[in-house]
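Undergrad: Sequences listed follow chains A and B, in order.
Using our numbering, the first residue of the first sequence is number 28, and each one after it goes up by one.
Using our numbering, the first residue of the second sequence is number 183, and each one after it goes up by one.
Please keep in mind that the hints were generated in silico from the structure rather than gathered at the bench.
Positions of the beta carbon are idealized from the N, C-alpha and C atoms, including for glycine.
There may be inaccurate statements among the hints.
To be verified - Chain A stretches covered by chain B per the calculated footprint, using a threshold of three residues with CB under 8 Å from any CB of chain B:
no., stretch
1, 205 to 216
2, 349 to 361
3, 394 to 403
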Amino acid sequence: MIAPTAPDRPDRTPHHTRPPVLSLSGITKRFGNMVANDAVDLDIRAGEIVALLGENGAGKTTLMSILFGHYVADEGTVHVADAAGRLAPLAGGSAEAALKAGIGMVHQHFTLAENLTGFENIVLGTVPLWRLGFGKAAARSKVARLMRDSGLQADLDVPIGKLSVGEQQRIEILKALYRDVRVLILDEPTAVLTPQEADSLAATVKTLAGKGLAVIFISHKLHEVLALCERVVVLRGGVKVADRPTAGADRATLAELMVGREIPARERMPASLGAPVLRLVGVEVGAPGERDRLEAGDLELNGGEIVGIAGVSGNGQGALAALVAGLKPPRSGLCEIVGQQATRSDPRARLAAGVGRIPEDRHRDGSIGALSVAENYVLETIGSPENQRHGLLRRAAIQARAAQAIRDYDIRCPGPSAPIRALSGGNMQKVVLARVLERAPKLILAHQPTRGLDIGATTDVHRRLLAARERGSGILLISEDLDELFALSDRIAVIHAGHLSPAIEAARLDVRTVGLMMAGHSVGEAA
Amino acid sequence: MIRFVPRERTPLWLTLAVSVGAGVVALVLTAIPLALSGAPVLQAFLLMAQGAAGSGFAFAETLTRATPLIFTGLAAAVAFRAKLWNIGAEGQLYAGALATVALGAGLLELPPYLLVPIVLIGAALAGAALLLVPVLFKMRFGADEVVVTLLLNFVVLLFVQMMLEGPMKDEMALGWPQSAPVLDEAALPKLVSGLRLHGGLVLAIVCAIALHVLITRTVWGFRIRAVGENARAARYAGLPVGRAMALVGLLSGGLAGLAGASEVAGLKGYLTADLSPGFGYAGIVVATLANLSPLGVIPAAIFIAGVFVGADSMSRAIGVSNYLADLVVALSLLSVLVGGLLARFRIVLVRRETA
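Use the sequences and the hints to build the structure in full.
TA: What follows is the structure, given as structure tokens:
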């Protein structure tokens, strides 16, 4: 059962009169001089869906990490209801204690063992290592029942590494449900889902809450928060600035509460098209049988426009991105990048041709954690005369240019010599953006450029991409976030099972049509 | 309960303190077996210190012993920086030594200012070539370099023994398996008359400084660091990952080869199969103790050499086995590995509340 203490008949008591299942009071956490959480109070009751909003660095992750035992609070207490409903203090600093107390968390960056199957990941840690047989059939049927009840479908028998990001997340949620959690924390759960999947997840969450599960929902998508949650808690600079019912709130109010100021509406110039910068004719990437492969790609992208590629991850956009980034060669077909025919995988040739690449995974592909901000900034141009002379690094010049980029891009960091892994995701992405845009690229590959970023950072990335478009760059925007695709794209193509649809003017499409196309329907069927 | 909280960055003083602290902890731990063997502990440490640095002569001996350790320490440091796990410095050392006697024991008759550089370059190339093979196998076939370099050590040592029993055997050596001596023109100069200190030490220090400059100040050093820290991102950024790895292989193998040349042409004068008492492996400890810093390799090598020399002299004086030196070296490796944890994580003590 998902919530063993939940009564079988629906509980008609209004939420606010029920006792809390989780109570945080006066939580304060400092890192050096920075106060990540400042006397935060939070009560969650059974059956309640509470949104936790806040920009990156507002203290959401810290608060959840304290709850989940990754950090220990400097001050304050955490109480969790036991099976009988009595509040008891939770031992700090122990993920095990949090799990035992019935708190489950689905992290934004998944915590799955890539070489184990979905099923093994779900049961991992619930059975002692020394038991040979562990009632696999019973576990299996429990997982099957959870999948049926929650509507979360995923292939349980292939290694996690072979699953798409979306499927991996479903495994993460099932993993938490399998542990009979009473409080479930979802960190950005819909970031990788199609609108239809997100709707079905929302329905699932509502069902689970109806059975008594308390849900903490961390999201940047304000319309989801408004649709799904009953109460919203806003953190800003470590302080709780609002704790109110969602009824009566709208997106603008919530966004302003988060950011602490008004958010300017984006202005968008009509596209003035330049020469083609990317031309694909019947391009195939990846060997047959590979999961994420492009089977037949036809696309023409001109300077001065943004073409969005919508699709659930694992449908071939990875292969498309690898082709444009120069990591994979085309197997067949014609691939012309900035006027040159590309036949080999060669990242350096792409850079030389004027392609700027924003990778999907900024930690693994986009940055080198142990190197400094300045070194990451010049990573792609280290051989150019402005960075070296006779093979010797021009360290002063590099530091100065990095310091300039830090000012220009408003990168919050201790300085150009700080290791980049000390930066938040948004600031790390700003370093990547600065690196890409510095070279005035003719073609920009933006692969999930705002995944995991907060509103402030997302707005900034969008503004800079639109500015690059106005300067004449052609932008290939691969994203699973339909709001983003519609906000930025001039034309949108949908990729499904390796097939790229024709790119259609964004004005002639709507979210529902694209969502159906992402699920494999043709334009005609979907419209 | 103890928790490890990762540090965002490690201050320099802490890195230094961990290295020095590891050495001290290793010595303190050594007191236990010393006491168990019934030796007077304090006196034993005093004798060790005297033996390692108690006189100009003793310290010169320590520096002589440190010379090959600096080379092999640098070999390990540069390779480990790029996450190339070269465990084969011992074999590369012998390859360099073999090249030294092949070139310097009569094949070429040239004045010293030509012959010495030729011999050194030949030795470095021999060591480099030996490591290049595992590096290419790693990149082409994904072969594990730990296994290949480690096993090559035995192949090379057997090859050296074969050469010393056969084609390279010195007929004048009364049947001992040793090579003909290197010519005087190929020998590295002595630094101080009456001591065994030789030009290899100067070369080793020059190499350490050059490697430091290469890693911190040059484009290739940047590429090596980038590839070592995140090869995936380096490839994405268009850095020449393969060439950077090949360069690391050449540098690492070459430095280990120089260790062999320095021992043969600077100290022993000829090659035997027991030229190195594990300098190649001890270099790994030296590099780890130095936190993979080329400049740090110099003091780390002197410390390890001091332990060996000091333990030798102490064991002669009070009759404790000089295997104690190996124990100190092993313990300092363990201590520095534990200490590295302190450098990367803050340790927080948490009182466990009972629910």
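Undergrad: Which of the numbered hints above does this structure break?
TA: 1
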